[in-house]
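Chemist: Okay, here's what each chain looks like letter by letter:
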Amino acid sequence: MKEWHRTVILVVLIIVGVLFLLWTHYSYEQQFIQSL
Amino acid sequence: MYLIQNGGHAVKYKPNIDLRIFNNYVTLLALGIGLYILLAPFLPAMRWWLAHDAPVTINLGPTYNGPPATPSTSPDVPAENRLYIPGLSMQQKIHEGGIAALKKGVLHVAHTSTPDKGSNTVLVGHRFTYAGQAVFYHLDKVKPGDPISLMWQGKLYNYTVNETKVVPATEVSVEAATDQPQLTIYTCTPLWSAKERLVIIAKLTEEQP
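Going down the list, the protein sequences come from chains A and B.
The first sequence begins at 1 in our numbering and counts up one residue at a time.
The second sequence begins at 1 in our numbering and counts up one residue at a time.
Since the hints were made in silico from the structure, they are not lab data.
Predicted model only: the values in this text are computed from it and were never measured.
Accuracy of the hints is not assured; some may be wrong.
Per label pair, the in silico range of CB-to-CB distance [to be verified]: (1) B:Ala-176 <-> A:Gln-31: 41 to 49 Å; (2) B:Trp-49 <-> A:Tyr-26: 25 to 33 Å; (3) A:Val-18 <-> B:Glu-207: 43 to 51 Å; (4) B:Glu-163 <-> A:Gln-31: 20 to 28 Å.
Note that beta-carbon positions come from the ideal geometry of N, C-alpha and C, so glycine has one too.
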């Protein structure tokens, strides 16, 4: 595997991870505040 | 430098050292994010195992292990309103304001009463969230008969848990006004989900100036 392939894979993984965190946080928060 | 056999010919290959070093750092970052995603939902549970029997101290006086707390006229009266749940070794500042204040911790629902006015005082907080405080992660461990105290504008209000229940997320009647002074605390349930609400209802047992 070329080094830049590894870079792309890592960056994609990080982006997916951050998006997952944002999605879980905001979907949970939206569900919760609907009852407030 | 690496020496690679390519079709019988020796080829000199110079790796991109800078990119490799960069990738090593990015790998650490990716591992850190991955570990946080995996472990963060369990961190409050780990803290519970380590320190769930720590005593709760009310700033008015001595160490507090349950009602009734002994008040004093100490100048250390906290300026902010606070919630104390000794059974969870928990004390939290109570925030006022809109939904954004939920991120800070325990939120007093603005359209409900306050302890000094009687009726139904409602507090809410997150059970778990990646961003913000999971203040009520262990709220399911509160049982009927457990003491809860509120420090509200310099006065201590002691409550005893009367009822715990799970209601649908659409059940807004838990915020309705009541004839008797009571404290209602609710959060999401089951854990890691906002599907339903875990509701704790506590009746006022003592009010100390």
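Chemist: All hints, please: hold or fail.
Modeler: Consistency of the hints with the structure:
1. B:Ala-176 <-> A:Gln-31: 41 to 49 Å: Violated - the Cβ-Cβ distance for Ala-176 (chain B) and Gln-31 (chain A), about 22 Å, lies outside 41 to 49 Å.
2. B:Trp-49 <-> A:Tyr-26: 25 to 33 Å: For Tyr-26 (chain A) against Trp-49 (chain B), whose Cβ atoms are near 30 Å apart, the range 25 to 33 Å holds.
3. A:Val-18 <-> B:Glu-207: 43 to 51 Å: holds (48 Å)
4. B:Glu-163 <-> A:Gln-31: 20 to 28 Å: Roughly 24 Å apart at Cβ, these two residues keep to the hinted range, so it holds.
The structure does not agree with numbered hint 1 stated previously, though it agrees with all others.
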